[in-house]
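From these two lone chains plus the hints, build me the complex, please.
Protein chains in written order, with the numbering used here: chain A, -11 to 701; chain B, 55 to 205.
Calculated directly from the structure, the hints in this document are not laboratory data. These numbers were taken from a predicted model, which means no experiment stands behind them. Watch out, some of these pointers could steer you wrong.
Unchecked claim - Think about it this way: if two alpha-carbon atoms lie no more than 16 Å apart in a straight line, the pair counts; the simulated EDC-like pairs of lysine to aspartate or glutamate are:
(1) K528/A / D303/A
(2) K645/A / E177/B
(3) K57/B / E239/A
(4) K588/A / E196/B
(5) K145/B / E195/A
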Amino acid sequence: MNTKKHTIDRRSFLKASALTGGGLIFGFNFFTACKPEVKPPVDISKLNFNDFNGFIRIADNGVVTIFAPNPEIGQGVKTSMPMIIAEELDVSWDNVHVVQGGLDTDVFKRQVAGGSQSIRHGWNPLRETGATAKQMLINAAAARWGIDAGECTVENGIISNKNGDKLGYGEVAVEAAALEVPKNVKLKEPKDYKIIGQDIPNVDVDEIITGKPLFGLDYKKEGMLYVSVLRPPAFGQKLVSFDDKIARSKEGVVDIFQFGNKIAVLANSTWEAMRAKKTLNAVWENDSELESSEDHDKYLLDLLDSNKFKTLRSDGNIKKAFASADKILERTYESPVLPHNCLEPMNFFASVTDEKIELAGPVQTPKGTAERIAKKLDRDFKDISLEMTRMGGGFGRRLYGDFALEAAEVSNIVKKPVQVIYSREDDMSAGIYRPSTKYRIRAAIKDNQLIGYHLKEAAMNGNSWKGMSDFFPAGAVENYQMDVVNYKSEITTGAWRAPYTNFLAFAEQSFFDELAETMGVDKVQLRLDLLQKVKGTKDKRIQYSPERMEDVINMVIEKSNWGKAKEGVFQGFSAYYCHNSHVAEVADVVMESGIPVLKKVTCAIDCGIVVNPLGALNQVEGGVIDGIGHAMYGNLNFVNGAPQSVNFDSYRLIRMKETPIVESYFIENDIAPTGLGEPALPPAGPAFANAIKAATGIRLTKQPFIDNKDVFG
Amino acid sequence: MSKFDLKVNDKVYTVNVSDDTPLLWVLRDHLNLLGTKYGCGIGQCGACIVHLDGEPVKSCLLTVSLIGGKSITTIEGLSENGDHPVQKAWKEIDVPQCGYCQPGQIMTAAAFLEKNPNPGKEEIREAMHGNICRCASYNRIEKAVAKAAKN
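For reference, chain B alone in the conformation it holds in the complex (with noise of 0.2 Å):
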């Protein structure tokens, strides 16, 4: 067991956990920040997805030792009310259907967007290619993310 102190969501937590516990586990066992979720746990599906520095990353497959001072943003981070341009987005045009993989999906999405404010529709599909969707919602993830570049 080590403390880290870790920086989510602009707040300062100390976790006392072994170092090779996956940010994931950390964030939903520990912090109880329970939007990441868990789908496969090797960096396949994209269900984990949060911003370490405004960069998209895998919290399945990044430990927390590696994490240093870096600023972690979660789903419950990445808007103060839900009124992120994505999570609009996505409300909008009524993506979810069971919705387990919707964080990850936004926050994708939204990691996205502030690279490619203006991206068009094949740049999109290639985005969002790395986080499954086992409902198959792509069309409504598709026009949701065209849809937030829009507003």
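Chain A extracted, bound-state conformation (with noise of 0.2 Å):
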């Protein structure tokens, strides 16, 4: 399938054109056709460079400059996206410098960082990129030698003829952008690859190991403004009246005006703003109902009870399944809202003046983020340019842009430069949480077998979509039913890291592990024998491959031991597919003085093809982690629409003497890659339980695990 032709727009061709400082650019833009211009990332007209489309430029020395086009948010695309360009372009690592390219819609196609979907989206595109302009830079060899470009070979960005004739990239680079855009261009096989597949250090990693300014935080610009600004207390209150005049009188306070519901204090620094409002006097009334968790608690679990349903998916007949068990085995699973808390706060630079908006900082979706500021402003999308800056973590807090919108509009009030930043308060009590989500889980059991099986959700704000209902267990059970329901909640929710099944795993997995024990049956052959009732399957909706699963099953087992663990250790299982990738883990907890402590997770994971083994083993380490951190301490308590943590003195994040060793297998194989910022999450938080409940006998239901006074004392 890697060596499939693929057919590139002629139309996208853009001609070459000669830049005033000398040098010529060249682009031409695979992604959008018939635009009648394409810009470059960057502003390339000081530079003596010859572009060759909006991803690659090429010096005369031979030095490759590839532009990351996704926001890097820590999950490695930055490194990854072009590596692949590297590798079709067949070129030496050592001669690429990485940019990150800046928001264009003309050049680049999703700049989106969600849902662990560049690499997926990015695979064919960035592959037929470098693939044609390597044939391009042949072709004009083979031209100026007056052979037939099949002739010719290229190694390390030096093309070869028969006679021990070489030419460099950068001799042909010229020549080579006036040619005919090739339309149909042989991409490698997998067992000839050179760079995807190599250990290659993060781009960034010499900037960020001595400091350098990198993040949004660190972005300055001459005059700017630092504002910080003051929310409403709780969600549900809108601002009356405010009494400022004690901030004024602060030293380095140079303005402070109300702005939709909010009060913005603009200061010469980030201490000034942040003191100045600490000393605001705001009145607040209650818009709307003030909702505690222990309101959540209720509605939802009502809700379970209720048959306010709606089903995603059915198949069989649910209740006569459960007419006619023999057994029935029903678990309820509780979750918290859980904010992000990307250690680098919510912030963003805005300057908006009548001429142009300038937008810099960190978000995950530059593109919707500037539709909506356009919007708000009622300005041209034209107008405004958005530099995107390396993200102090994003984990889905970053796709809203609201941080962005709050700068535009104070910029576009003092018409001068600001930079919105967020205490560490402000960013945990302004969220766009994780949904407090509740599961109930019923499995009706014929003759030891399991026969049917029925998951309610009922969330705030709603979790689950359509895609979800398709994951496992549907197609394996004969009678099968996902139902879901929400809470219209004034807490704003949304995408947290693995959005939709981080919490629901947890629920599944577990259930699993008690179905086995209530089967009497062995807990991974359980998962197995139900893998084999999907093989071969006639439905396009099941998302996951039963064989890819299986895969990965069987490694994990062989990689942890599992069943042959030293006396002492007590393991739990789990395995998942999300985010169009399959993993399967264990843990491994021993008892200390009483209280279960993880040692150990090993993960099995199919990805297809790994493109940086160096940055994904990152990524599963620092997804299971995570999973394991939040599923162990996360919860944001919310008390009359207010949380009762605001900082990390009272929500407790994992740490270091916290983690587990992570030891991490990929299946090799050459499927198109998947992503794997997220998948390696929602399997460790069941893994966790299930050893906690091999250890101590006790099943956890509820998160955070820490609550629980029977296992943690």
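Listed below in structure tokens is the structure:
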């Protein structure tokens, strides 16, 4: 499948044009045909480079600049996406210089960091980009030598012919860019990969370890004002009035004004803005019910008991199956609200003038955010430029761009460059949180076979969508149903790393563990037997591959010594498919002073071709520990619309001494790659909980685990 | 506003700021030394750690008026070319994911290894416990500290 020929639209070619500063720029755009011109992703007017297209620029000396198209939140795409281009371009990675591209809807497609989709969606276009540029360079060399392009070979950016002549890419770049864009380009066979599959360090590692300014908060502009915003202390409150007399008397304060339901404090430095904000005297009134977590628990449990559900998928006849069952297992699983807590708090730079809108900062959705700002300020989208900084974490919070909108609104009022900076307290209390969700799962067992499976979800503002109902065990149980219902909350909720499944996996994988106990069968074999039933299915809705799931299960069993652990080591198993990747995990727990302690998590992953194993392992280690940490400690409790923890003194994140060793193994195959930012997280919590059950006999059904006094004292 | 002479990375800077300004914001907003990061402002995450006469301190809690003539080292001054053994180990292990917490992690590790050049596994885990890595690159941080000690 990797050698399939792809067609590049001829019309997307942009002709060469001379630059005032010397040199030539060439661009062509593989993604959006018919565009009259292609704007380079950064200002290249001062550079003497020859642009090959939106992604590649080749200098006379052969140095290749590749623009990383997607936002970098720590998932590694600033390294891995350019690797894919470089592979097909056939250059040495040592000669590649990676630059973050800006928002450019003409050049790039899907500039989003989310859903673990960057690599999956980029795989074909990125390879075609590299391969097409390579073919044009070969064609240029062949023309110069007067031979057929087929007689040329390429290695590390050097084109050779049979006579021993050699030409570097840089030497033919100008000629090549003037040639026709080849319609069909041959892509490499995976066996010929030289860069894909190699351990390539993070392209920003030198800058990170020496403290170079890379992040949104590091973005500075001459004359920029620092803005601290006072927002409603509780969800459901409205600003009535405020007294800023003291705040205005504070050093460094430049301006204070209301915008919408908020108050902006503008100052000459971050500290002065934050300090003055604390002295504002604001009066708020209740605009709607002020919700507490206690209320959420009650509402959601009531909903689970109700008949208000919307059915996402229904196979067979659940009613009949349960009526004929000789055993029924039913469990309810509960999760709290979680904040994202990106270590770099939300922030954004905006400079709004009558002529243009300049934006810069960390956002996972640059295009959507720029569009929202254009709409809000009633401006043309074309007036907006957006520079993407490296992000100090995203985890879904930076999908929303509300912080960028605030910066644009404030700058629009003062007509000065501003940077809105959230304090940690702001960040935690003005969240778009992981919704609190509860599941009730029932299994109908007859003659010790699983004949019915019914999952109900009740979530704040909704959680699962249709795709989740086609995950395991859909297709494996004759009578299957998934129903959802939600409670409309004033508290804003949204995507949180591995949205939809970060808690669903816990519920289901805990349930299967208990189901096996109830049926008296082997926990792993139960899953393998069910997967057998899905093989060869004609149901196109089924999202996972039973064969690939079986592979990761078998691999993790072998690597973790499942069932053969040393005395005193208690193991828990889980296997889950989400974000197009298959993962199985085994957690090893030991008892220390009567408390279960997680020592190791073994992880087997099938994400297809592993583009950058070094980065991939980092994602898996991080995803597993993040999943463990939040299952164990994560809990944002609300009282009267306000979160009760707003900083790390009262909100617990996992730290070094609590972390297990993560051992990861990848299935080797030639299947097109899928994402890794999320899939290792969902199965981690249930693997740990299942190991705790093995160690203590106590089954956890509620997160955070730490609140269970029977287990953790 | 008061004037303070601060010795940062072997250079003396004069700043004119309020007495209660935390060193973190003096470094970031006044000296444009942006490697020291803001994470929580209450000394709980370690992203802002710098060395004060070689000791690791949380710069978000250290007000500028309390520094006096003490010598401040930030991530920018840890080594001339990014080649401090801890930085080298961080690069070899390819520790960072988002990278935001890493200057604080590196400064903590460097001060720790200065005092305890041959730490055991548990000592490393104890020493790094105060620094939050939200991406949870903890396995690699642990390995990198051990590697830096070895080198």
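Now the hints, each set against the structure:
1. Our distance criterion of 16 Å between C-alpha atoms is met by K528/A and D303/A, whose separation comes to about 14 Å.
2. Between K645/A and E177/B the alpha-carbon distance is near 10 Å, which keeps this suggested pair within the 16 Å criterion.
3. Distance check on the hinted pair: K57/B and E239/A sit about 14 Å apart at the alpha-carbon level, within 16 Å; holds.
4. Of the supplied pair hints, the one linking K588/A and E196/B holds, its CA atoms being roughly 14 Å apart against a limit of 16 Å.
5. The hinted pair formed by K145/B and E195/A meets the criterion: a straight-line CA distance of about 10 Å does not exceed 16 Å.
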